[in-house]
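**Student:** Chain by chain, the residues:
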Amino acid sequence: MRHRWVLLCLLGLTGLAYTPSLGGDYVYEDSHDGALPADDWSGWPATIGSVLSVAPSYSGTMAIYRVVGHLTAMSPLAQRGISLSLHLLNGLLLWWIASRLWPPSGALLAAGLFLLHPIQTESVAYIAARSELVMGLALLLALLVAERGWPMLAWVFAASAVVSKPAGGLVLLLVPLWAWWRRLPTWTPTTYVLWGVACWTPFLVALGIWQARPLAWASPEMLGGTGAAWTRLLALWVLPWGQTIDHDWARVPLRVGVGAGLLWAGGLCWAVRRRESWWGLVTAWSGLLVLPRAIWQLGEGLHEHHLYAATIPLSLATGALWAGRRV
Amino acid sequence: MRPIGWGLILGCVLLTAHRATVWRSDEALWTAAVRVTPAAPRPLINLAAAYARQGRWAEAHQWLHRASDTRRLTAWDRQWATRLHDFLCVTAGFCCASSG
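In the order they appear, the protein sequences are chains A and B. Going letter by letter, the first sequence gives residues 1 to 327 in the numbering used here. Going letter by letter, the second sequence gives residues 1001 to 1100 in the numbering used here.
Keep in mind the hints are simulated off the structure, nothing from the lab. We treat Cβ as the ideally placed atom computed from N, Cα and C, and that holds for glycine. You may find that some hints are simply not true.
Now the stretches of chain A that chain B is said to cover, found in silico as 3 or more residues with beta-carbon under 8 Å [unchecked claim]:
{"#": "1", "stretch": "22 to 28"}
{"#": "2", "stretch": "109 to 123"}
{"#": "3", "stretch": "238 to 248"}
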């Protein structure tokens, strides 16, 4: 009972910490995604239908923007409140998962770090980054039901992540990775095969094939820059100094990127060899999250909000360390 | 949780609350970004745009000029800077030879 009060206290502290951002106006690209004109509303079915047809891989996120915007007369406070509520819900789900794994102190620390780590501010306070929160919600729901032994329901939640953003398709890889790493007894080899077969349609949506977007292979510079940038972002988990909306990745020398890439490859080999390790899961999980940027030349560079899904295993690994489990 | 756990959480609360303040306005967001990466052109251009939206033409012109001086503009940066320069030139009479 006492632990639930501590959890409530953590949720309250999160609300308090984000209060300074709530009263602000729309910033930067919020006006592209969040502040849609009020007269853009053309009734519930037509508006939701247009969102689905224009951008299937963002349709879930876009639908939330439009519905909230319509109901609240485009209030930035309401949009920020929705983002904060999604983050609080995600924190609650993470605590639920963690409390199935460890004693309460470890679960509470994992949830507390996930809710309150400063690296999360870009995902929570920046309305335009809401797709990370929606993807995180689908991912955490999928992990929760996978833990409870319902792989089919886990697939439904994982597949629904593709309507948050194109990278939501990665959830379909992260959930079986979690099940394999945790050696979940309900996940048999047949489950993994069926999961893989059922993934094709959501993958096509995630890749934006319907939008016929041309994809180019990642250049060596892009690969090196991504490796270095991702390593730097993960380092912000330990030392959250120097946060910014626009990291100057163009200044990263190629040799630093190659070094970071080699470090990642070594870390991944180490992670697979030590499958029971939580830090191994963090490395493998982060490797999967950065995979599309290692293959394709993407238009957008890496930002702090791209770390949101990676903070799930990071928080859990820190909670495991706290609970005295093998990390 | 033990006291050290609470210490960690309270440290996070303070840092997050501090970081959350920069998300109140474009000016605060890009001023903070310029502080972290002073040589990156995009934060400089966006800070100039934030000032232009407030009608603070001289400051907008000053930051846009500084962005042009970095000589590291990408095609996107150059396009954005040119549009802002043209706007400042027409609206406020702040014209210069080149916007970057």
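**Student:** So which of those numbered hints doesn't the model satisfy?
**Tutor:** Of the numbered hints given earlier, the structure breaks none, since each of them holds.
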